[in-house]
Amino acid sequence: MEIKDMRAFYAIVEEGNISHAAQRLDIAQPALSRQMKRLETSLGVQLFERGSRRIRLTDAGRVLYSRVEHILGMVDGTVREITEIGSGVAGSIRLGTITTSGALLLPELISEFHRRYPQVTYQIWEAEGARILELLDNRVIEIGITRTQVDAKVYESIVLPNEPLVVIMNREQEIGSDEKVVRLEELKDVPVIIPLRWQSMFVADCRKRGFEPNVICVSDSIVQDLLLAKMGMGIAILPVSSKTLLTDGNLIYKKMVEPEMSTHTVIAWLKNRTLSSSSAHLIKLFREMFLGEKGE
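Under my numbering, think of the first position of the sequence shown as 189, with each following residue one higher.
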């Protein structure tokens, strides 16, 4: 199997169909279809399930996809590291982020970095935390922003201070006697929208106080949670940084207390791997802007 076959296969899976992949690769669709058929023949397995508008992988196809993502990440990373030696801060930064932390940190960070290093370009992936670490492991990205706990044996990391969770609600459905906080007990019988990563902690805290919460939606799409709260479906429990994602006068944000709930953001990159010059400088700028550490 050649690198060009891996890139073609990867593009088809990422785009979801051969037509879009052919446009991405700038080749004719029939030629790409023939290339994949030759690949399947050479491997002796079927990689795609036929008869569906959107590409569906067979078991063999899913195994190949995981391997190809890792191999291409290593190839592209190696090429970049070699070509950047002695070239200064240039090239492209590849990073992945979860929605809320990315919205809170990246605009200011990248804007300042672009001012200092205008030759650098950016490739940004947005996904849930476990996927961000998977992209790091496969070297598709160099830097990951997540709320997932990382293994210190595998990753270098920077952990930001805890960030409180807040209760977000439609103004017409305001809960709590206080203007700024909501006690957990005040959420009894209230429809709740919450991301999966905080559901078990929230449910456990409610049970300690003698009631079963009314969780009507578990969704890791922060923007979707905000929109559902805006529509009055229920109250959303999210990090305070989610306020930056949807500016709307109909939404009220109150800190949750008794008990407080919090989360944290982790900036991670692989240990024992040389970061590109641009990514290393981005880490330095991050420390400078968000941790108050002076740059060199």
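Note that these hints are calculated values from the structure, not bench results.
Treat each hint with caution, since some may be false.
Pairs of lysine-lysine, DSSO-like flavour, derived with a Cα cap of 27 Å [what the hints assert, rightly or not]: (1) Lys396 to Lys443; (2) Lys368 to Lys459; (3) Lys418 to Lys443; (4) Lys368 to Lys431; (5) Lys341 to Lys459; (6) Lys376 to Lys431; (7) Lys443 to Lys459; (8) Lys341 to Lys376; (9) Lys376 to Lys396; (10) Lys431 to Lys459; (11) Lys442 to Lys431; (12) Lys459 to Lys442; (13) Lys368 to Lys341; (14) Lys418 to Lys431; (15) Lys482 to Lys472; (16) Lys482 to Lys443; (17) Lys442 to Lys368; (18) Lys376 to Lys482; (19) Lys442 to Lys396.
Estimated spans, in silico, between C-beta atoms of each pair [as the list claims (entries may be wrong)]: (20) Gly420 to Val267: 45 to 53 Å; (21) Ile346 to Gly420: 33 to 41 Å; (22) Ile312 to Glu446: 21 to 29 Å.
Glycine included, each C-beta is placed from N, C-alpha and C at the ideal position.
Does Lys431 lie within 27 Å of Lys418 when you go C-alpha to C-alpha? Roughly 12 Å between the alpha carbons, so the hint for Lys418 and Lys431 holds.
Do the alpha carbons of Lys376 and Lys431 lie within 27 Å of each other, as the hint requires? Distance of about 24 Å is within 27 Å: holds.
Proposed proximity, Lys459 with Lys443 (alpha carbon, max 27 Å): 36 Å, violated
Taking only the CA atoms, is the gap from Lys442 to Lys368 under or equal to 27 Å? 5 Å, holds
Please work out if Lys418 and Lys443 have their alpha carbons no farther apart than 27 Å. Roughly 17 Å between the alpha carbons, so the hint for Lys418 and Lys443 holds.
Going straight from one Cα to the other, do Lys368 and Lys431 come out at no more than 27 Å? Status holds; Cα separation ~14 Å.
Just to be sure I understand the hint, the distance between the Cβ atoms of Gly420 and Val267 should be within 45 to 53 Å; is that true here? 52 Å, holds
Using the beta carbons of Ile346 and Gly420, state whether their distance is inside 33 to 41 Å or not. Given a distance of about 38 Å, which is inside 33 to 41 Å, the answer is holds.
Taking 27 Å as the top limit, are the C-alpha atoms of Lys431 and Lys459 close enough? 33 Å, violated
Does the alpha-carbon distance linking Lys368 and Lys459 stay inside the 27 Å limit? 42 Å, violated
Measure nothing beyond the straight line between the CA atoms of Lys482 and Lys443; if it is 27 Å or shorter, mark the hint as holding. 32 Å, violated
For the pair supplied as a hint, Lys482 and Lys472, is the alpha-carbon distance within the 27 Å limit? Holds, because 9 Å separates the two Cα atoms, which is no more than 27 Å.
Figure legend: structure checked against the earlier numbered hints; hints not met, in rising order: 2, 7, 8, 10, 12, 13, 16, 18, 22.
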